[in-house]
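Enquirer: Model the full structure from these sequences, guided by the hints.
Line order of the protein sequences matches chains G and B.
Numbering that gives the first Met the number 0 applies: residue 0 is where the first sequence begins, and numbers increase by one.
Numbering that gives the first Met the number 0 applies: residue 0 is where the second sequence begins, and numbers increase by one.
Hint data in this document are derived by calculation from the structure and do not stem from the laboratory.
Treat the hints with caution; some may be incorrect.
In the EDC-like style, the derived pairs of lysine to aspartate or glutamate whose C-alpha atoms are separated by at most 16 Å in a straight line are [unchecked claim]:
#, chain 1, residue 1, chain 2, residue 2
1, B, 407, B, 198
2, B, 185, B, 201
3, B, 287, B, 350
4, B, 407, B, 201
5, B, 407, G, 150
6, B, 53, G, 150
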Amino acid sequence: MTADNASNDAPQAPPSRRIDPAGLVIAAALAVLAAVLVWDASRLPTTTMYGMGPEAMPIVVAVGLGLLAIGNLIDALRGNLPPRESADPKPVLLILGGLALLIAIIGFGGGFILATSVLFVATSAAFGRRAILTDLVIALVMSTLIYLAFDRLLTLSLPAGPLERLL
Amino acid sequence: MESFAALAHGMAVAVQPMNLLYALIGVFLGTAVGVLPGIGPALTVALLLPVTYKLDPGGSLIMFAGIYYGGMYGGSTTAILINTPGESASMATALEGNKMAKAGRGGPALATAAIGSFVAGTIATIGLAFLAPWLVDFAVRFGPEDYFALMCVAFVTVSATFGDSPIRGLTSLFIGLTLGLIGIDKLTGQARLAFGIPELLDGVEVTTLAVGLFAVGEALYVASRRHHAEEQIEPVRGSLWMTMQDWKRSWKAWLRGTMFGFPIGALPAGGAEIPTFLSYSTEKRLTKHPEEFGKGAIEGVAGPEAANNASAAGTLVPLLTLGLPTSATAAMMLAGFQQYGLNPGPLLFAERPDLVWGLIASLFIANVMLLVLNLPLVGLWVRLLAIPQPWLYAGILVFATMGTIAAKPSVVELSMLAGFGLLGFLMRRFDFPIAPVVVGLILGPIAESQLRRALAISLGDPIVLLQSPMSATLLAIALIALVAPFVLKGLDRFKASED
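Expert: In structure tokens, the structure reads:
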């Protein structure tokens, strides 16, 4: 995952021939990925009978990624990336934060209802809602209904926490 | 005439009351989710996969067929009423459809889209039923090297046709191929790219990738550019019914759209954008009302919408007969098969004809249900469109994470979902196509095992790939398809510099 360096300060770049720093980051990320593939494949014991061993395909993919890193680098140096509009990083971070909280709550056994409610409120806030209490009530009711429908009717097991045990 | 007998048998499976109910639920859910702005058929199928976990394979696939067609119908409704096509295949529909809705002719636009989809879907499904056994007869003679070559063709066409830059398309494909390498190698039991994390040994789940890229990525992307513009819902005013003149102008466009959509969809070239735009430009050229184009011409909705549906049915031809997904939606359908350990292809036709033909027959049934359901319920769908954006995307994310939580409630799996979401956001932002990633993840491991099988049989001699005429031809096609975009681009630049 590369950091989206260029987005914060990128005003609508005119279709220019300027070097695009985001493109450089993409090319570098692809090259790193190729290196990881080669490193991982080199650790595999080569037990080649006939034909290809398990290490062959990662090398092929790594070569492809390496070539594409060069291709993306050329595009970036020529300023060939498609123009993009400005992006607001705040809502993105808010939603990612909501997802991180959801993962933490599930990981620590907080249960489905609490976890998805937190995600709901975070996303809704990211889209500009400020009535957090109202949204929390809506989220709790909705996720409880989903939990009951899936856990009881469809017998899919969703993780249970303190709230689920009350039902 | 084996198609008739097989289809009749499939019909007998599909009209069992439980299966009819599954088809109805599928159609209903598919339309309801597909109508939500920003959600295309592929995501509809991915989001609704968990609903089918507990069903038997037959019922699940039939529900799938309904979800698939329902998602397509729902997508066209969104395109017409708020001009935000959930996928590029609906873009041509939105061009004229949204203008018609703005001019107060939303009803006839929705009607011609629905009836056109029905006509195209029915004709194309008949085409599928007749083409499939023929292709299956052909495909049983395929050796592993032929399959490998076929997948190379699919790799190239899917990544070079989607999007406008072959470099970016291939980059997406190779990200997918990399993800496909993660996990235990089936032939030797070696762990690749697992980094000692036990959850990674099983490999990347297709649904986690698809839901992360499509749902989470889309939500992040829309949130990041919320400050640009709000979309407007056009109310459906006036009569829902088409006038005599609307019918006259529509029926030929439906048939022409079908003729574009089905063959192009059936070729392993992927993508419904090409036939929809071909149909749009053809209708624009042939119309007797050229002055209406750009202001809401009904042919411009009827043709592309028919082409869209026909190509959707067309992509089922390579999917069912060869196991080759050529669109994101088809890749999700394949994931639906794989959750039951079923692999579409000639063997499945021989071993489980009830499943395959039951699925094909339910496509007909789903089509009829949609026609009956869609027009009367259009008011309900419009109300779904009016859900405020914050709640809509919050709900989508809750549903998206729920699928993963239900399948594998682990921190690693959920972190992968979030990571794929971030990847999807960045890919949208920098204009990398998404579908090749999913196709790469699914087809990569299959292509690798076919290649290794071919090389094991030939005792490691790579010449086997060129000895089979089939595989040699296919590899040549793949090579041409790979080089052509670069050469054509070079010619373009050459011409431009000459001017």
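Enquirer: Check each numbered hint against the structure and report the violated ones by number, ascending.
Expert: Checked against the structure, the only hint that fails is number 3, while the rest are satisfied.
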